[in-house]
Amino acid sequence: MAEREREATRPQGRVFHARAEVMDEAGVARALRRIAHEIIEHNSGLGDVVVIGLQTGGAPLATRLVELLGEIEGVAVPYGTIDVAFYRDDISLRRVLPEATDIPLDLTGKTVVLVDDVLYTGRTVRAALDALADHGRARAVQLAVMVDRGHRELPIRPDYVGKNLPTRRDEVVDVSLAGVALGELSEEGGAP
Amino acid sequence: MRVAGPPARDHLLSVADLGREGIDEVMRLADSFKEVSARPIPKVPALRGKTVATLFFEASTRTRLSFETAARRLSADVMSFSASTSSLEKGESLRDTIETIDAMGVDAMVVRHRSSGVPAQVTAWTSAVVLNAGDGQHEHPTQALLDCYTIREALSERGGGEPSSDLSGLRIGIVGDIRFSRVARSNVLAFSLLGAEVTLVAPRTLLPSSLEGWPAQATPELDSVLEELDVVYLLRIQTERAGQVLLPDLDEYHSRFGLTRERAARLKPDALIMHPGPMIRGVEIAPEAAELPASLVTRQVRNGVLVRSAVLFRLLAGPGRPAVPTGEDPVA
Amino acid sequence: MPELLIRGGHVLSGGAEKRADVLVSGDAVRAVAKSIDPPAGAKVLEADGAVVAPGLVDLHTHLRQPGAEVAETVETGARAAALGGFTAVVAMPNTEPAIDDASVARDVLALGEKAACQVAVAGAITLGRRGERLAPLGELAALGITLFTDDGAGVQDGSLMRQALEYASDLKVVLAQHCEDASLAAGGHMHEGAWSSRLGIAGLSRLSEEVMLGRDIALVRALGTPMHFLHLSSAGSLALVRRAKKEGLPVTAEVTPHHLFLTDAEVASYDPVYKVNPPLREEGDVEALRRGLAEGVIDAVATDHAPHPPERKERPFDEAPFGMLGLETALAVCWTALEGRLSLGELLAAFSARPARIARLDGPAGGRQGGEVAAGAPANLVVFDPSASYLVDPGRLASRSRNTPYAGRQLKGRVRHTIYEGEPVVIEGEAQR
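Chains as they are written, first to last, in our numbering: chain A, 1 to 192; chain B, 1 to 332; chain C, 1 to 433.
Mixed in with the good hints, there may be bad ones.
[As the list claims (entries may be wrong)] The following residues of chain C were derived to be distant from chain B, with all beta-carbon distances above 10 Å: (1) Pro2; (2) Glu69; (3) Tyr167; (4) Ile201; (5) Glu311; (6) Pro316; (7) Leu344.
[Claimed, not checked] Simulated DEER-style distance windows between Cβ atoms: (8) C:Asp393 with B:Gln217: 43 to 49 Å; (9) A:Ile156 with B:Met104: 34 to 40 Å; (10) B:Met104 with C:Lys43: 56 to 62 Å; (11) C:Ala365 with B:Ala218: 58 to 64 Å; (12) B:Glu21 with A:Gly27: 38 to 44 Å; (13) C:Gly395 with A:Leu97: 42 to 48 Å; (14) B:Glu35 with A:Glu41: 43 to 49 Å; (15) A:Leu177 with B:Pro269: 44 to 50 Å; (16) C:Leu223 with B:Glu92: 32 to 38 Å; (17) B:Glu92 with C:Gly395: 23 to 29 Å; (18) B:Gly277 with C:Ala222: 53 to 59 Å; (19) C:Arg106 with B:Glu92: 52 to 58 Å; (20) C:Ala222 with B:Glu221: 31 to 37 Å; (21) C:Ser269 with A:Leu97: 29 to 35 Å.
[What the hints assert, rightly or not] With the C-beta cut set under 7 Å, the calculated list includes, among others, these residues of chain A facing chain B: (22) Phe16; (23) Phe86; (24) Pro98; (25) Thr101.
Calculated directly from the structure, the hints in this document are not laboratory data. We put the beta carbon where it would ideally sit given N, CA and C, even for glycine.
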């Protein structure tokens, strides 16, 4: 899965070519476990915490995070997904098909941990904050990302980071539970 | 980011403009809007700053409100134009009217007209996206989309599992005034594109003069196909047709083509009965056979808003109205 | 008027073709010879690669004057005709008021005196074309009118039609029918078939044409009077005329260029420019009409040139009027459609000699149209280049209206010069007056 910022543009016929592996599967697992501990510590337990995965790249990470939180604290943390297609500020440039938004409870008074794979310009997170607001007035929203690649265009910073990864703008970061790779998009069948 | 090529204007004039994949995309978008509609604030900012004009040259409060609600759920601005408030009565040509509204800067025109083809003609006079909200005896694509969505929803609830737009294996009978029905023309296309087998049930006088190229069979005998149908789609019979040359009278129609209690009893137990409304009891359907769950009607109304949000989003959330005159490079 | 030398063309006349120069003096041809030196002061028109033939005659032109001058006038319509190579047109009587009495006819004929081609008129069969009472055919015939029709509608009442034919036979005039049974046609806007069914537009069945044509052929058989059938459009109509001619009945028939070229599939655009009556029909009908023309079952091509201003065509399809332009494109459209099916000489006969005979414009009283290109003959000529091709640009039409269905189409064959009564009214495709 290529980075969601690019995914949303659905570049027809373009594919991700990995150039370097930045984290392996064990590295991703270690980072998630560390983030889980940080969430517990930061929130003094998990009382009002709700984990929301950003479609599509954040969703599998959020699922895994909820499992880890359960293992460590022995509680079932409420979990949901959110798609921001209807909230993007660049909607007029892109053609998008939303994935499922599934938020099982009113977020009013909750502490939302928003999970995404890559933090880049910050625009997706901005859209997600708007989208979350339509599901209730959360007490606080925290942001967990596997990779922070820089190049922010909005005043947004993550609360929990798996890895800080300096990148060029023309590079693409690919994140999954199996690892993190750096590469670029190219025309299908063409050389990277 | 550079958008490749000049923005090609997609319109929704006919179900054929969507094709099977397009219909499926609309169904999946409608699922997303179903989730939105269940929220305390059933509104998203997707089309903020866009203007949707509804141009109803033929009155239909239900369809107009459905489109306008759909547009507002997407945060679009809505402009409403109806023939009675227009200057058409002062002798302005259709083209003048369209060009005037175009000059106000609208992104979409939702057009309803009693004459077939007007939405297609309108595309030549505006740079806005044109959506057909029913034109004469031609098509009513969003009605067909909401019917497909309603069937899809019913099948998914019955069978459990993910909703699927694949209707193959389904046998759908469309009964009644096919010849003059825009709903029939759109539904025949939509149902068959999704894989269903469509049978038209009507006297020859109410069939089109030619069915060449129609993906449907036809029969004048409802009784011969009744027991095989998974969906019975009853069309409204326009009462003014009766007593004309096409139809002796409404009683005879009811006895040959109406869904009487006896016929309803012979249907498959889980057959769906559908009607684009408003229904005339005692003509298309017997009063006692019409005890459909009231929810079906309200569900169709709700689904109408969902699929209309979906088509508006699909057509308008892409590249916008060209901001520069055509022929100039938008980047240079 | 200076003398005129048409140089380097192929003269096509009386079925023969020969390379020759044509010298015109006054309103007549003075000489046709292999090579003629231009006399001093003579104007020379080049014709290499082109044919020089008798001017075309249109049996079916709507000039819209009086009553709808916003769409066309005698002057603009005649200019369009000249550009199309016509040296005579028959103006249809469905004007407002209709040409159903001598005063209206005289007005139109007077306007035609100053026009770029000969303007003959057809009179109405019934008063106001209402199909109720006979118009004063005798009074109109006395003005030289030889063709009568209620075109725009057929005469529905069989008894009235029978009386009209009987009355006309005494006057030695010809009645022409727009074959359309109104009850069968009621409410239709395009050909009834697969396209009308798909597009949701009420159809005009072939039946409405064939039922009236069948009735009228029966009347001709019973009464022995001649009759001309306007703009036939269906394969079935062609079969009826073929049989009638085989029987030896005195019937003639015409077809329009658009029915030889376009089908009902054009209407899928919902552009009312394709709305015409009789409607554009199917491939099979087009093919039958082409064969009918090639075999001579159809006597003549006639344009049914029917101008409408843009605001009347920029309406919903079912509210727009019937009719399309035809004069300026007629010969090229037919040549594009029929090259290889019949010779240019045969096509020109259907455009000139035969329609002139049907409208009686071939005699001394009628302007001696459609004759030969020979010394002493009137100088009504067309110079047509069958290998040139051109793109139809509605902006360049001489007609007051723009409702041509050929806009943006490439046509083969081009009228270069038209000479009317010895005067070059069109030179190199440009109208001279």
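Each hint, compared with the structure:
Listed as outside the interface, Pro2 (chain C) is consistent with that label: its C-beta sits roughly 48 Å from the nearest C-beta of chain B, beyond the 10 Å cut-off. Listed as a non-interface residue, Glu69 (chain C) keeps its Cβ farther than 10 Å from every Cβ of chain B; the least gap is roughly 19 Å. With 10 Å as the threshold on Cβ separation, the claim that Tyr167 (chain C) sits away from chain B holds: the shortest Cβ distance comes to roughly 35 Å. Not every Cβ of chain B is farther than 10 Å from the Cβ of Ile201 (chain C); the closest lies at roughly 5 Å, contradicting the non-interface assignment.
The beta carbon of Glu311 (chain C) is not kept farther than 10 Å from every beta carbon of chain B, the shortest such distance being approximately 5 Å. Against the 10 Å criterion, Pro316 (chain C) falls within the reach of chain B, whose nearest CB is about 3 Å from its own CB. Remark: the non-interface label on Leu344 (chain C) is consistent with the geometry, its nearest Cβ contact in chain B lying 37 Å away (cut-off 10 Å). Our hint of 43 to 49 Å for Asp393 (chain C) and Gln217 (chain B) holds, since their Cβ atoms are close to 48 Å apart.
Restraint check, Ile156 (chain A) to Met104 (chain B): a C-beta distance of roughly 38 Å satisfies the suggested window 34 to 40 Å. The hint said 56 to 62 Å for the Cβ distance between Met104 (chain B) and Lys43 (chain C), and at roughly 57 Å that hint holds. Taking 58 to 64 Å as the suggested C-beta distance range, the pair Ala365 (chain C) and Ala218 (chain B) conforms, at roughly 60 Å. Glu21 (chain B) and Gly27 (chain A) have their C-beta atoms about 39 Å apart, which keeps the hinted 38 to 44 Å range intact.
For the pair Gly395 (chain C) and Leu97 (chain A), the supplied restraint of 42 to 48 Å holds, since their beta-carbon distance comes to about 45 Å. At about 34 Å, the beta-carbon gap between Glu35 (chain B) and Glu41 (chain A) misses the expected band of 43 to 49 Å. Between Leu177 (chain A) and Pro269 (chain B) the beta carbons are some 46 Å apart, a value that agrees with the proposed interval 44 to 50 Å. Between Leu223 (chain C) and Glu92 (chain B) the beta carbon distance is about 51 Å. The supplied range of 32 to 38 Å is therefore violated.
Restraint check, Glu92 (chain B) to Gly395 (chain C): a C-beta distance of roughly 24 Å satisfies the suggested window 23 to 29 Å. Roughly 57 Å separates the CB atoms of Gly277 (chain B) and Ala222 (chain C), a value that falls within the hinted 53 to 59 Å. Arg106 (chain C) and Glu92 (chain B) have their C-beta atoms about 39 Å apart, which leaves the hinted 52 to 58 Å range violated. Range check, Ala222 (chain C) to Glu221 (chain B): about 45 Å between beta-carbon atoms, so the 31 to 37 Å window is missed.
Ser269 (chain C) and Leu97 (chain A) have their C-beta atoms about 31 Å apart, which keeps the hinted 29 to 35 Å range intact. This hint is violated: Phe16 (chain A) has a C-beta 18 Å from the nearest C-beta of chain B, more than the 7 Å allowed. Checking Phe86 (chain A) against chain B by beta carbon gives a least distance of about 4 Å; that is within 7 Å, so the hint holds. The closest approach between the C-beta of Pro98 (chain A) and any C-beta of chain B is roughly 5 Å, which is under the 7 Å cut-off, so the hint is satisfied.
Hint status for Thr101 (chain A): holds, given a least beta-carbon distance of 5 Å to chain B, under 7 Å.
Violation of the numbered hints given earlier is confined to hints 4, 5, 6, 14, 16, 19, 20, 22; the remaining hints are satisfied by the structure.
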